[in-house]
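Trainee: Model the full structure from these sequences, guided by the hints.
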Amino acid sequence: MRVCPEGLFVEPGGFFIDPVRAVERAVVTHGHSDHARPGHRHVLATEGTLAIMRQRLGDGAGQGRQALGYGEAIRIGDTTVRLAPAGHVLGSAQVVVEFGGSRVVVSGDYKRTFDRTCAPFEPVPCDVFVTEATFGLPVFRHPPDLGEVEKLLHSMTVFPERSHVVGVYALGKCQRLITLLRAAGYERPIYLHGALTPICDLYRGFGVELGELRPATVAAKEELKGALVLAPPGAIADRWARRLSDPVVAMASGWMRVRQRARQRGVELPLVISDHADWDELCRTLDEVGAPEVWVTHGREEALVHHARSRGIRARALALVGFEEEGA
Amino acid sequence: MKRFADLIDALVFMPSRNGKIRLLGDYFAHVPDPERGWALAALTETLVFREAKPAAVRQMVLNRVDPELFGWSYDYVGDLAETVALIWPERPALANSLPPTLTEVVETLGAAKRSAVMDLIEGWMDSLDASSRFALLKLITGSLRVGVSARLAKTALAAWGKVDVNAIEECWHGLTPPYEPLFAWLEGRAEAPSSAQGAGFRPLMLANPLEEEDMAGLDPAGYCAEWKWDGIRVQLVARGGERRLYSRTGDDVSPAFPDVTDHMAFEAVLDGELLVVRDGAVAPFNDLQQRLNRKTVTAKMLQEYPAFVRLYDILVEGGEDLRGLGFTERRARLERWYAEVRPRRMDLSPLIPFADWDALKALREGAREAAIEGLMLKRRDSAYVAGRPKGPWFKWKRGALTLDTVLMYAQRGHGKRSSFYSDFTFGVWRNGGGEGGEAGEELVPVGKAYFGFTDAELVELDRWVRNHTVRRYGPVREVAPGLVLEVAFDSVHRSTRHKSGLAMRFPRVHRIRWDKPAHEADRLPTLERMVVG
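Respectively, the protein sequence lines represent chains U and D. With numbering that gives the first Met the number 0 applied, the first sequence has no gaps in its numbers, which climb one by one up to 327 at the end. With numbering that gives the first Met the number 0 applied, the second sequence has no gaps in its numbers, which climb one by one up to 532 at the end.
Heads up, none of these hints are tricks.
Subject to a maximum C-alpha distance of 20 Å in a straight line, what follows is the list of computed EDC-like cross-link-like pairs (lysine to aspartate or glutamate):
id, chain 1, residue 1, chain 2, residue 2
1, D, LYS1, U, GLU149
2, D, LYS447, D, GLU477
3, D, LYS1, U, GLU267
4, D, LYS389, D, GLU225
5, U, LYS150, D, ASP8
6, U, LYS150, D, ASP5
7, D, LYS498, D, GLU527
8, D, LYS360, D, ASP218
9, U, LYS150, D, ASP128
None of these hints come from the bench; they were simulated from the model.
Mentor: Below, the structure written as structure tokens:
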């Protein structure tokens with residue numbers, strides 16, 4: 000396995016994992032646009048990921064598409080490939096590659112926190128673990144997600160006349176936040192920016208319950224007073240949000256843990272809810288997979304490499320390009 | 000601590016000034032004495048815990064956290080207190096004590112032995128949650144930086160207590176934390192605290208920058224002009240045997256300037272500019288800098304960098320408060336007083352007669368003396384009012400010098416800019432020696448600037464830096480020479496501390512020359528020719 004300009008290449012199998020350029024054969028871990036790029040000739044992924052790619056990329060979702068269920072094995076070239084749940088978003092998978100008696104696991108993006116919208120992460124013991132490190136600094140410790148949702152609901156009781164607009168990423172965070180709100184007992188309709196609706200419909204098709212959702216874009220101004228509105232991060236402080244009456248601007252992201260990051264985005268109510276592993280989860284996962292060698296793909300890789308080395312693990316940073324910090 | 004931490008968090012995230020005033024007013028209204036007084040002291044930076052220095056806090060966390068991990072985290076977060084608060088390893092087993100209140104923290108630290116302070120803090124850290132840890136660390140290290148100035152805190156008090164903010168400023172220096180008489184007054188339970196300030200600080204009157212378009216609406220006959228001297232604005236207070244020298248923010252700097260206070264054998268409050276003057280000539284600002292930020296001063300420094308005050312104004316003479324008088328009346332009083340008292344190491348800043356704005360403009364442009372920063376315009380009838388009222392006083396700085404430089408290094412900012420490369424080191428070309436000619440040209444750094452651009456430009460600069468990085472040194476990136484920054488600066492001086500041998504005063508980014516090739520930027524000799532004094 001080696002790093003090429005296209006991305007991570009599994010030579011004995013002749014395929015790339017999450018390549019950033021169009022390639023002949025790609026295995027895609029999940030549907031976020033920095034991992035699932037358009038134009039590959041052949042794509043292997045879970046059914047959920049393929050559905051997301053079809054919706055987002057249309058004809059660009061790959062000419063040949065092959066679905067592989069979690070746990071099913073397939074031969075590609077000289078390798079055996081399996082997908083294991085990563086707990087990041089619907090359909091997200093780790094790629095387990097076996098070749099010549101050794102096993103490499105590429106985590107993709109993952110988290111360890113319980114999430115109603117996707118299958119939980121499964122630690123797979125391996126010889127080489129290729130991990131993300133989006134929140135690879137010990138200052139990142141995500142608090143319990145229901146506590147963050149309580150913060151939002153509390154603010155809605157303190158400012159009952161103001162709408163609350165929460166910035167969420169369309170794929171994953173949006174649906175997870177809705178299920179958390181429902182679990183916390185919030186039964187009222189939730190209003191959505193138009194960009195969020197298609198993925199919510201897709202999640203419902205996979206059996207995820209989201210309760211009553213209404214389009215915010217066509218709702219009367221009066222109706223949005225005191226309502227909860229979800230929108231992409233780019234829209235919450237932009238012209239789109241002018242339809243809301245004196246909104247409390249919130250944002251659900253792991254970056255909200257750092258005050259100045261929240262301030263830069265003009266966020267008044269930061270909610271620390273992330274779909275990535277925090278520092279403790281990253282460290283715990285290294286322990287659980289027990290790999291003697293760890294490669295770190297993207298994020299704040301220096302600290303995790305340092306930590307792994309201090310635990311006697313051979314570790315190095317791959318410094319893969321093309322993966323964005325957003326969507327965290 | 001929780002209530003105070005919630006206030007700090009809410010202030011951090013509240014973007015609007017009026018929102019902050021509301022939050023503060025709400026806190027003062029609902030939190031009892033003495034806690035609200037301690038919070039006010041923290042916000043106005045009048046609480047000082049000398050033992051809890053940032054270095055001690057850093058040491059405390061390094062006893063628990065791997066130094067490399069801490070270093071990377073600090074680089075990323077950009078704020079010591081926040082990094083320590085977030086990275087602090089929670090140990091639930093040890094956290095058997097109740098979290099302390101703000102009052103308990105302040106009173107315990109006030110009574111604690113120096114050697115016990117860090118142990119107390121470490122114990123509290125274990126019993127607090129992350130946001131209370133942040134508030135505790137901000138409190139003890141003495142700068143909250145929550146976007147609330149002392150002035151804004153007083154404005155919030157005034158709004159909540161329905162009094163004029165200057166009425167609070169007036170009595171402020173006679174008060175000490177936790178300010179119970181002040182709160183009693185603002186709640187209508189007592190008379191206003193006495194404004195007999197003795198040797199206290201009187202809030203300064205400040206000027207607004209003069210914009211060219213302002214001038215059309217101003218009548219030259221209504222204004223006096225004087226030079227704006229390039230030193231440090233100070234207030235001299237000599238009352239009832241006490242002698243004080245205050246900085247513009249009201250910090251008492253008297254101990255560092257015995258060469259001024261020795262000559263304050265009078266009863267008056269004066270406003271002036273602190274300078275270094277040798278043989279009647281004002282020395283460059285660099286010389287004055289040797290005397291600043293020191294608690295004491297050596298005989299050698301007194302001799303090499305003798306301090307001097309050039310007087311602008313008189314606020315109190317004997318027992319009489321003159322601040323209600325117009326500027327020309329105060330000026331006459333100042334001149335009469337000076338003629339009588341003749342204090343050593345002081346003189347009067349002369350008024351500059353002028354016929355009209357064009358004549359004054361010519362005078363301003365002709366002034367190349369290093370000690371002159373520009374001109375001050377003071378309306379003849381202006382009373383001496385605290386703060387920066389728009390209209391009565393203007394500062395009209397000398398036209399800036401500019402230079403086309405090449406961006407060399409960029410460093411991540413702190414605070415609100417912690418994820419942006421926002422501090423820029425720039426250089427100019429010089430002959431690298433040896434090879435000679437074009438090929439032998441090298442860049443030498445000549446300064447650093449971190450403002451002068453808009454937020455939108457900062458986003459573009461940050462992107463440019465990330466895309467043109469050739470080397471990384473922790474939070475600093477070296478970039479390929481390719482971006483020309485036109486920098487503006489007030490003056491340039493010889494300096495042995497800089498590789499180029501030159502130091503700019505007050506450099507800022509004037510324009511980003513996206514269009515200009517780096518090899519067309521200026522060369523070192525151009526800057527050398529701009530040196531004055």
